[in-house]
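Visitor: Each chain, letter by letter, is given below.
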Amino acid sequence: MTSESFFSLLGTLTPQDISFVQTFENPVMSEFIDGAAGSVLVIGAITTAVLLTYYRGWKTLWFDWLTSVDHKKIGIMYIVVAFVMLARAIIEGVLMRYQQSIAVNDPGVLTPDHFGQLFSTHGSIMIFFMAMPFITGVINYIMPQQLGARDVSFPLLNAISLALTTAGAALVMISLVVGKFSTGGWTAYPPYTGIEFSPGEGVDYWIWSISLTSIGTTLTGVNFATTIYKNRAPGMTLFRMPLFCWTSLCTSVLMIFAMAPLTIATLMLALDRYAGFHFFTNDLGGNMMNYANLFWLFGHPEVYILILPAFGVFSEVISTFSGKTIYGYKSLVVATMSIAVLSFTVWLHHFFTMGQGANLNAIFGIATMLIGVPTGVKVYDWLLTMVRGRIRLTTAMLFSIMFLVTFVIGGLTGVILANPPVDFAAHNSLFLVAHFHNMVIPGVLFGMIASYQFWFPKAFGFRLAESWGKASFWCWSIGFYLTFMPLYALGLMGAMRRTVEWFRPEYLGWLQASFVGALLLFSGFILLIVQLIVSVRQSDQRRVPAGDPWDGRSLEWSNSAPPPEYNFAVIPEVSGQDAFTRLKQQGQAYASPTDYEDIAVPKNSIVAPVIGVGAIGLGFALVWHIWWLVAVSFIIIWGAAIARSFVTETERVIPASKVRADHEAWLQQVRESATAPREQEDTSTNVGRAEVIA
Amino acid sequence: MRRHQKLTKILLHSTGGLLLLTFSAAATASNGFINPAGPIAEALRDHLVSIVLVMAVVIVPLFIALPWTLWRYRLRTKSGSYQPNWEFSWPLEILIWGLPVVIVAILGWNLWHQSYELDPYKPLAATEAPLEIQAIALDWKWVFIYPDQNVASVNEVMIVAGRPVRFRLTSGTVMQSFMIPRLGGQIYTMAGMETQMNLLASEPGQFRGLNTQYNGMGFANQKFMTNAMSQADFDAWATKTSASNPPLNDAAWALLAKPSVLPAPQSFGSVAEGLFNGVIASFTGGHPHMKADGADL
Amino acid sequence: MNRQPVLHPGLNLGSTDEYSHAQSEPVIFGFWVFLMADLVLFAILFATYASMSVQGQAGGPSPTDVFDLSSAFIETMLLLSSSITFGMASLALKYKADRSHLVFWLVLTFCLGAGFIGMEVRDFWIMTQQGAVPQRSGFLSAFYMLVATHGIHVTAGLCWMVVMLLQLLVLGRTTQVKLRLMRLALFWHMLDIVWVCIFTFVYLFGVAAL
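Chains as they are written, first to last, in the working numbering: chain A, 246 to 939; chain B, 38 to 334; chain C, 3 to 212.
FYI, nobody ran anything at the bench for these hints, they're computed from the structure.
Quick caveat, the model's predicted, so the values are computed rather than measured.
Hints should not be assumed to be uniformly reliable.
Only some residues are given here: those of chain A computed to face chain C with a beta carbon under 8 Å [unchecked claim]:
1) Ile460
2) Leu516
3) Phe522
4) Phe524
Don't be surprised by glycine CBs; every beta carbon is placed ideally from N, CA and C.
Build the full structure now, drawing on both the sequences and the hints.
Guide: Below you can see the structure in the form of structure tokens.
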């Protein structure tokens, strides 16, 4: 146990733990890179604060965003977190590719310790602080609107989940400046991450940042599942929901059941490290194999949590840009649910090599291959959705098509790895690294970029510049192949993952090609930022106030762009799938409602940001053993929750007259707008009203 | 612009495919199981190829159908029909679900058999008893004990070409993973537990081995050389080592147990009695240790 | 939605408080879902305990050495009774016009729950005095984690009860307060079920050396 007293002001924290002090005391290239990264963070934070002050944005930030419990605002904030963390993690990836491209019989520019932190933060950030917030943000924004609902079932809980995830991300960012991060990878296997072999604060940063976000995600899963079961518009049976809502439902169920093993595993590791328990230690009855089982019992459903929303996005994008209803709706629902259930039956394939024998290995290997069946069905259903349609190659559609081709290559390598004997040869190699990047980049990342391109006009009221989007697309696509195809080859040639220096000259060419690919991937990311800046500047020529720039099929396209706070002036009645297309074909899409009612919306609340700050304090204090701060943070978090429960006025009412006035004004604007045929979708003729082809 | 995009896409796919093919040419000169030096690695490679061929049945149709679809049903097409509500077809459903099920059944059958055939614990068929080697993974080195010859080597291992080798493995530190890629797959090594690996080198030669499970600062350096030689050469090596090299006693062991990267391989002329079992027992408080699959030894 | 609210498992307020019953549907459903996540947590703790209870003893104390079955039995009786008293509190919430019945049964539940925690803390203290600390072996680590996690949940429930008693005082029996009491009831009963499993699979099985 530790020897700091309860009242020790800074626990185990010393000035030497500040990264700039380390750079000063040990001026090698590796430390300079670390110091530079820390500087970017600090300067970025200061710049943001300065800009907010200059443009008088603090009030807006606090009253319109941080204290909001509106699912749309929360969704956007999640996606902002994702983009910020993506910037960091993608640079880390490029840095590692660079190191590996020069470190053949050469130590390169990174020390083994720095490299160890890099691959750990890269993986942890990409999964927990980029992909998870991205999908949570997209589901948050879109799912309630697709259901014809006004918000999720528990808006304040939604905000608290965001606060917890952001607190976890903040901890990881803080670790860039104060102290070091874990070198145990995103999986953090003990006993390497136990107190004996990793005595510093690194693993503790990993434990607490992950714990915070995993609790947030569990609560999000409860929230989303309840919303989908209980908040649908009248007439919207489960089988009339858009497919994106089906995948959101299955994702939520996975979140509810799969986060618990992770919470337990990290808590047990914490008890081993802080209190000398023996869950995973080498001696006194510890069993490290339990960690592998617990982690992957979480870890495998986790990757389906990541991919199912992307599958939902592709269903929406492909059907919209083929001008056609989705092929095989029921098949896709059955396939999605099968994937969700089967995802809990395959976790052992992550450690075929742990020696549990042929029986177990074979059973889990076959279960793993079984998941390939519904996934393959989905791929063909998406292809058939395009057949007999009218395909438009917008940026979102391009990402979806590239996904189809590239993802099946990853699926092929997945089936290869599902065979235990082959896995014995490929596990822990760069073949494995190539496989899982082959699933998450074309799958999750392309899906999320496609969703961003697709729904941005709805959220912000103007379209993104297609030309920059397509340039970004080509960089991402070519970059992906150039970065990861060489890794397949290298893995088959005996090169392992997490390696800081190589000793076989025949690897060099492949590694260099891979680095060039990584630069292309980074360019793809930069071009997305450029696209955003250009589009904002040209926003007046790109406005789509009528709200339906793509001839959308589901209800989120039926309101204005941006939507009103309450989503729908009158909750729609639904009579079938593709509810909005149905309305358009019946000529009812922009009909004036007969009755308006008062709408009650939740008031803003300071509880979520307070809990977020408290959570950062709690995590930081636990990492550095600052026990008094642990107690204070705990009291702040629970105090805020309990104090909130005594507040009775939690809603405000928007009177029917205001709803009527706003809605009628918008309807008038829509009726005066010209409709745009699909051929002119990417021009300023498109103000968001679609031509209806009877 | 659109036609240009489609052609570029087809070009990209072909390039991707070509890339996948060219690696196999380059890979023959390297250290992976794709360049096997023993029957197990060879079986693994053949297994991989068979999987790819079977999976091609479901994947290749997609690679053909997708560009065709994009062309035929593009926005300004003259040939494709537009049926915005077409969303189901029984024959297609049966094909889409049925074909993957058949493929998985075939692959599953193969998987089942191969998992038993290529189980690292399975002794290899041979006329002679296997060469017994005990391996202890440390930070960041490998200690190989030859119980029948009572010698030890560090960061290099001597085996007999054409004779099966049985490794019994454990770890003295964290979870590690033992692999000689050109001879076979890998198996984890864990403190307090024993795992096994049966391998065979067909011909004499030198094959690099390594730890694949990240274990800290010296991970990239934790490599060892496998020297496969004739039985006569092996016996000569054992005799010479026994005569001229220092013993692997407590003092020597303490030195090895320190986290370090050794500049060169070492050999020892004798080994402390029961060293391997002792290392395992040191973590289990003297209690009966178990194999990783839970069975007692 | 303009259809009739469905009945949920447990106490339904429909016959005495239509409005609260209508409000309860998503709230109680969401809480059941949350409880399922919590149960998964406990299930994993049980699985971990099962895998470590024999193989993780490391030559240290075994269950028969350290489990006090009579104390565990009294704890079981305390907790089971507290579930009965909470059931009475729920009925008072639904049917009694006078607040005092509800308060009485809640306070009684609190006392029984506090008694449970007090005895459990005493059990742990005695075990540590015997050297059966969680740092001694994997079995003991798993035991303490499972039983203490349950204990922390019960303690949280007790704190929640205190807050609810305050809210009854300050806010009265509003819809919000009623829905919170209904959720606390579900939470409390779930913890009781988990304890029955602990008593069976940890204490009884352990002592019978199964």
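Visitor: With reference to the structure, classify each hint as holding or not holding.
Guide: Now for the hints, and whether the structure bears them out:
{"no.": "1", "hint": "Ile460", "result": "10 Å, violated"}
{"no.": "2", "hint": "Leu516", "result": "7 Å, holds"}
{"no.": "3", "hint": "Phe522", "result": "4 Å, holds"}
{"no.": "4", "hint": "Phe524", "result": "5 Å, holds"}
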